[in-house]
Amino acid sequence: MLQLLCQGRLTVTKHPDGCLMLFPRPSWEVFRDKVASLPMSAAGWKRVFLGNAMDVDIDSAARVLISPELRKSAGLKNDVMLLGMGSHFELWDAEAHAAHEAEVMAGPLPDALKDFSF
Numbered sequence: 000m001l002q003l004l005c006q007g008r009l010t011v012t013k014h015p016d017g018c019l020m021l022f023p024r025p026s027w028e029v030f031r032d033k034v035a036s037l038p039m040s041a042a043g044w045k046r047v048f049l050g051n052a053m054d055v056d057i058d059s060a061a062r063v064l065i066s067p068e069l070r071k072s073a074g075l076k077n078d079v080m081l082l083g084m085g086s087h088f089e090l091w092d093a094e095a096h097a098a099h100e101a102e103v104m105a106g107p108l109p110d111a112l113k114d115f116s117f
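Take 0 as the starting number for the sequence shown in numbering that gives the first Met the number 0 and just add one per residue.
Please note: incorrect hints may appear among the correct ones.
As the list claims (entries may be wrong) - Derived lysine to any residue pairs resembling SDA-like cross-links, with alpha carbons at most 25 Å apart: (1) Lys13 / Lys113; (2) Lys45 / Leu81; (3) Lys13 / Phe117; (4) Lys76 / Arg8; (5) Lys45 / Gly85; (6) Lys13 / Pro23; (7) Lys13 / Gly43; (8) Lys13 / Val79; (9) Lys45 / Ser59; (10) Lys71 / Val103; (11) Lys76 / Glu100; (12) Lys71 / Pro15; (13) Lys45 / Ala60; (14) Lys13 / Asn51; (15) Lys113 / His99.
Claimed, not checked - Computed beta-carbon distance windows for the label pairs: (16) Leu81 / Pro15: 26 to 34 Å; (17) Arg46 / Pro67: 24 to 32 Å; (18) Leu64 / Ser40: 28 to 36 Å; (19) Glu28 / Phe117: 18 to 26 Å; (20) Met80 / Asp56: 21 to 29 Å; (21) Pro109 / Asp56: 24 to 32 Å; (22) Pro109 / Met80: 17 to 25 Å; (23) Arg62 / Ser40: 22 to 30 Å; (24) Gly7 / Asp32: 32 to 40 Å.
Because the hints were derived from the structure by calculation, they are not lab data. By construction, the Cβ of each residue, glycine as well, lies at the ideal position given by its N, Cα and C atoms.
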């Protein structure tokens, strides 16, 4: 199923929070077009997202190989967390994710969630 959804490949790039984003090919094309249409004032972020993007093939065991450059940029060590985020996945170093989540949980609830029903 993953192979079909992703057309056999994912696109991996950096996320502003320090993790990696993994996009199924159709979702990457939508994201790429949104980033490409950003104004020149966002040129630095365009370079981060588009300049670091790498296509990776999904093997027959549904594994992907993340380049050393992207692993290093996200601080990926032995234990990682893969989070489904709707249109894409996030790949985090497990310790970094735990610290990030603890920071988020310790902070105030954003206004956008104050009327959200759980």
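Evaluated hints:
1. For the suggested pair lysine 13 and lysine 113, the alpha carbons sit about 29 Å apart, so the restraint of at most 25 Å is broken.
2. Between the alpha carbons of lysine 45 and leucine 81 the distance comes to roughly 24 Å, so the proposed pair stays at or under 25 Å and holds.
3. With a C-alpha separation of about 30 Å, the suggested pair lysine 13 and phenylalanine 117 falls outside the 25 Å cut-off, and the hint is violated.
4. Between lysine 76 and arginine 8 the alpha-carbon distance is near 23 Å, which keeps this suggested pair within the 25 Å criterion.
5. Distance check on the hinted pair: lysine 45 and glycine 85 sit about 22 Å apart at the alpha-carbon level, within 25 Å; holds.
6. Taken as a hint, the lysine 13 and proline 23 pair is honoured in the structure, with Cα atoms around 15 Å apart against an allowance of 25 Å.
7. Annotation: proposed proximity of lysine 13 to glycine 43 holds, straight-line Cα distance about 13 Å (limit 25 Å).
8. Proximity of lysine 13 to valine 79 is assessed by CA-CA distance (about 15 Å); at most 25 Å being required, the pair is judged to hold.
9. About 32 Å separates the Cα atoms of lysine 45 and serine 59, which puts this hinted pair outside 25 Å; it is violated.
10. For the hint pairing lysine 71 with valine 103, the CA-to-CA distance comes to about 24 Å; that is within 25 Å, so the pair holds.
11. Under the criterion of a C-alpha separation no larger than 25 Å, the hint pairing lysine 76 with glutamate 100 is consistent with the structure, at around 18 Å.
12. A C-alpha spacing of about 15 Å is found between lysine 71 and proline 15, which places the hinted pair at or below 25 Å, so the restraint holds.
13. Taken as a hint, the lysine 45 and alanine 60 pair is broken in the structure, with Cα atoms around 33 Å apart against an allowance of 25 Å.
14. A distance of roughly 7 Å separates the Cα atoms of lysine 13 and asparagine 51; the hinted pair therefore holds under the 25 Å criterion.
15. Restraint check for lysine 113 and histidine 99: satisfied, since their Cα atoms lie roughly 21 Å apart, inside the 25 Å limit.
16. Leucine 81 and proline 15 have their C-beta atoms about 18 Å apart, which leaves the hinted 26 to 34 Å range violated.
17. Under the hint 24 to 32 Å, the C-beta atoms of arginine 46 and proline 67, about 20 Å apart, miss the expected range.
18. Leucine 64 and serine 40 have their C-beta atoms about 35 Å apart, which keeps the hinted 28 to 36 Å range intact.
19. Range check, glutamate 28 to phenylalanine 117: about 33 Å between beta-carbon atoms, so the 18 to 26 Å window is missed.
20. For methionine 80 and aspartate 56, the hinted distance range of 21 to 29 Å is satisfied, since their beta carbons lie about 22 Å from each other.
21. Remark: the range hint 24 to 32 Å for proline 109 to aspartate 56 is contradicted by a beta-carbon distance near 38 Å.
22. Our hint of 17 to 25 Å for proline 109 and methionine 80 holds, since their Cβ atoms are close to 22 Å apart.
23. Between arginine 62 and serine 40 the beta carbon distance is about 39 Å. The supplied range of 22 to 30 Å is therefore violated.
24. Checking the proposed 32 to 40 Å range against glycine 7 and aspartate 32 shows it is violated: the Cβ atoms sit about 21 Å from each other.
In terms of the numbered hints stated before, the structure departs from hints 1, 3, 9, 13, 16, 17, 19, 21, 23, 24, listed from lowest to highest.
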